[in-house]
Amino acid sequence: MKVAIDWLSDHVDLSGYSEEELDDLLTFAGIEVEGIKAIPENVVVATIQSSEKHPDADKLSVCMVDDGTKTPRQIVCGAKNYQVGDNVPLALPGASLGTGFTIKKGKLRGIESNGMLCSAKELGGEEDSGLWILPPDCNPGTPLLKIFSPVFDLEITPNRPDCLSHLGIARELAVLAGRDLKSNPDHSNASIPEQSATGEDIRISATEECRFYTARRIHGIKVTESPAWLKTKLESIGLRPINNIVDITNYVLMEMGQPLHAFDADKITGGIHVRKAEDKETMIALDGLDYELTPEDLVIADDTGPVAIAGIMGGEATGVTGETTEILLESAYFSPAGIRRSGRRLGISSDSSYRFERGADPAQATGASELATNLITELAGGQAENHIVTCGALPSLNQEVELNAENCRKLLGCSVTNAEMFTILEQLGLRRLEEKGSISQWQIPSYRRDLTRPADLYEEVARVYGLDNIPSRQRSWFSEISSADRTHDFMSDIANRLSSIGFHETRTIKLTSTARNADNVCTADHEPIALKNPLNDELTHMRSGLVGALMEIAERNIHQGIENLRLFEMGTIFSNNHKGEETQHLGLLVSGPGQGSWKNPQPESADLFTLKGIIEAVTGANTTFLRSEDSTRGASFITDITLGKLCIGKIAEISPARTRELDARHPVYAAEIDLDILQKKTSAKKQYEDLPKFPSVSRDIAMEVDLSLTSGEIDFVLSRIKSPILESFRLFDLFHDESGKRLDAGKKSIAYSLTYRDRTRTLESSEVDSAHAEILSELKAKLPVDFR
Amino acid sequence: MLKELEAIHSDAISAIAEIADADGLETFRIAYLGRKGRITVVSAGMKDIPKEDKPAAGKALNQVRGAITTAISEKAEALQNEADSKASGNIDVTLPGQPTPRGSRHPISQILDQAVATLRRMGFSLASGPEIETEWHCFDALNTPPDHPARNESDTFYFQDGRLLRTHTSTVQIRSMESSPPPIRVIAPGAAFRRDEIDSTHLSNFNQLEGLYVDEGVSLADLKGTLEYLLRSIFGEKTPVRFRPHFFPFTEPSFEIDIMLEARGKKSKWIEIAGCGMVDPDVFSAVNKARGDSAYDADQVSGFAFGLGLERLAMILWGIADIRLLIENDIRFLRQFP
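Quick note, the sequences are listed as chains E and Z, same order. Using our numbering, read the first sequence as starting at 578 and increasing by one per residue. Using our numbering, read the second sequence as starting at 60 and increasing by one per residue.
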């Protein structure tokens, strides 16, 4: 909301405060200042004395203007919306408009121009339809800064509808500055006699949505332009003057926060009926659009149908025009919920609905009507009826809240005294009813209906007392480690390990599309969960794996010329058919050679075994890998990662076709591991094992086997051999000759190193020999192997 | 014989000085101490020496042999030293080092770890909750009015079953209080979702860090002390921090926290960094109702809560202008956070 400093000054003395200081006052009251706008310096009022077409440009005119000095000034101008005699803003050479744009003397198509005539937008306003035509009674040469006050753009939090007016902000500033509001600005004390509606004139059938409705009839008015003071006030906060009647209702809205509506009374047929709309009833509103209504919407209707969408926007047919002579001025209290629902459904947010949906002050309805009526009779002539017709009853305004001073001090953590609290609340317009020890009762003013509980009063005290005056306390406590702590540490440990061996951690958003989810080749059995209301086609589902996002990142980096990819991501994946709907996963992707150097210019490209080694570094030595029967589109083959008997994840070689689509020149391998399972499997306590005191002996086995025999099969046999002295074994060489020259092409040579040790004594060479021989025969018996 | 030994000695001393390499030294050793070497020959001649001369001759022989042996080992060491210094003398130390693979933690993870470490020092434990949440945990329990715009399908992602993607990590406040009575001191880092188009300042999925402390006598002073300490440990000890009154449905009073940011060549300005406040009594009532007890009696306990946006923190800390950089994972970007 925009408020003008001059306008605020009508209500509270702000002298001595700079704009920055006012900014601070408001900020620390909880009213965010989004910007301060002031008309630039060196912009003055100029009267256009003559205007002729530019000899060399169809769209330009050459104007002579009176800038307050004796000498007429020549300006070349492109606008068309003025007439000779109009007052307009003139930016003199040296004026700085916006960022870095400074007006200079110059020539436009050969004609000298000594400044620039401006639109409102060029001076920080919003209106951009040609020159800003200023009120006729401004004196040429007057700086615009003197006419249009600086304006604050404020963000008012939804709990403070009372601040949606100049009076409301002034009230707040008065408290913060410790100054009094100027002469009784409380328009809510209307002195006009009220007359209850007969039912013929006004009736309310939607009493829940409209508790209170008033109308005032004014005869014989003349719709004209508003006087300069009114136009200036509205223009300073960015509102376009329309005519005296509309301007007055807008003025009262901005002054008091009470939305009003003026109907052309001659166009109203019969009485006013506040009711819910009938289904499919339509009305053309003041914005020219035809709205189709439902019984959810509240309307003001006459005998022929809706004449306004209550509290939101008036109808075009019954609006005030130049011919209007008799008006019906509406001032009412509509319940916030209904206005909010209706405004949202119809997609209308007006200054009026904005205030009603946050909660207008019900007590000011008649006062605002009175203020507007007085202004109308003053500025548009005419005669107001000597009473206001009211219908319904104001909601109960008698709100009392208890203040427990002791609790307030405890919550604030400081020693604010009772007297200090009382002063703050009284300045805010609350009235102390009774007091007993540290407990006091307070009457809440009608404009602060947000204050309903003791906590609300503590907030008011804290806000005005200021957090600067509350000490900072530092305490610490013992805390138990939680399972979330353990998970965090477990995941951090893995992430740190991976990043220290060359992996980059990625983070992506958890929303994805079915197309991208198709790249989740390691979690192909996870069914993705669909959003009910996706924002676009790109983000329609929750991710069911991490590999999809890693592939996208790989592609992006490949297109930046980066081929050496070592990526991982950790985080939640979502699935419909999984044990847990949300699971923590680790995704890995490798492709391309490691970083080469002058000593090793062409390192090998990453392959399955690069990734296996990485995974073993994360999951431990007991991990086994088995080629899976699963086949998944997008992967050449899948390898299951197993720990104990549990499958904890999968590795995929991305299919050559998909690899080409990524423009990758090297094979791409991806893996995904369920961290929830891994964490459970690895949190077992570790135990120290004595270091061996006796030396080990090693013996090698070299075998010639069919290509189809896997090392896993050999491992399986070796790992089940029950020799008490076989400590470990390790594959150390593998040879295969495609050409068949050095070895039959259908065969491979595979070599293991076996380590023997007895932990209680030194082994004799002969016992190792016999143990080794037994192992060889065991292998021979179980597998089709030949020893070399 | 003694003369002969003297000649051998002097020959050896002058010959060894000439030797330039290990091969020469070996030839020398063989020539003097080898099977047919001059010393060996003299030694073999000992048997012909008259008995009375033997002690003197033997002594002389041993002396010369010892001298030559010492000279050889000295020469060998000298030659080795010479070779050693030659070997390292030509190394071009300016050649690039062998690259060790260097990865990185994502900047969001780094800032998260730093914040978690700081808050743990103050005695907070971690807590977590589901990202797919019920409307009750996300809005009702947090005192959000039934017709609040945040509940709209235009602002929040919903699922067919009526659940939603949590719009803030404040849901974990409720989850934590539901499962444990006070005192409670938890922090919950995690994902939050809003139905925003992705642009340079918005993500539809971002990360927050939530904090909650409920106990007897928790006050605004505690809130202030805790958050000042946290923010100063991230942004520097002298960072000015201010608390500005604000409004959130689930805290009362509520504040936004600004830090004073000094950017190179620019006027320093206040930047909004977090929201916080004292837990609203209505939140306690909702939790009590769900628990079926009155463990969170607003007359007995009070608490503070806060929430930080981690993307925003990272952007401010490292001067990252476009939030999308944080989800694009361009390696040229990630590499800058080793």
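In case anyone wonders, no lab produced these hints; they're calculated from the structure. It is possible that some hints are incorrect.
To be verified - DSBU-like, lysine-lysine: derived pairs with alpha carbons at most 35 Å apart: (1) 145(Z) <-> 579(E); (2) 1176(E) <-> 145(Z); (3) 1109(E) <-> 110(Z); (4) 987(E) <-> 145(Z); (5) 145(Z) <-> 614(E); (6) 579(E) <-> 808(E); (7) 1013(E) <-> 348(Z); (8) 1270(E) <-> 1324(E); (9) 799(E) <-> 723(E); (10) 723(E) <-> 95(Z); (11) 348(Z) <-> 614(E); (12) 326(Z) <-> 698(E); (13) 698(E) <-> 348(Z).
Here's how the hints hold up against the structure:
no., hint, result
1, 145(Z) <-> 579(E), "violated (82 Å)"
2, 1176(E) <-> 145(Z), "holds (22 Å)"
3, 1109(E) <-> 110(Z), "violated (118 Å)"
4, 987(E) <-> 145(Z), "violated (79 Å)"
5, 145(Z) <-> 614(E), "violated (77 Å)"
6, 579(E) <-> 808(E), "holds (15 Å)"
7, 1013(E) <-> 348(Z), "holds (32 Å)"
8, 1270(E) <-> 1324(E), "violated (41 Å)"
9, 799(E) <-> 723(E), "holds (31 Å)"
10, 723(E) <-> 95(Z), "violated (121 Å)"
11, 348(Z) <-> 614(E), "violated (49 Å)"
12, 326(Z) <-> 698(E), "holds (26 Å)"
13, 698(E) <-> 348(Z), "violated (54 Å)"
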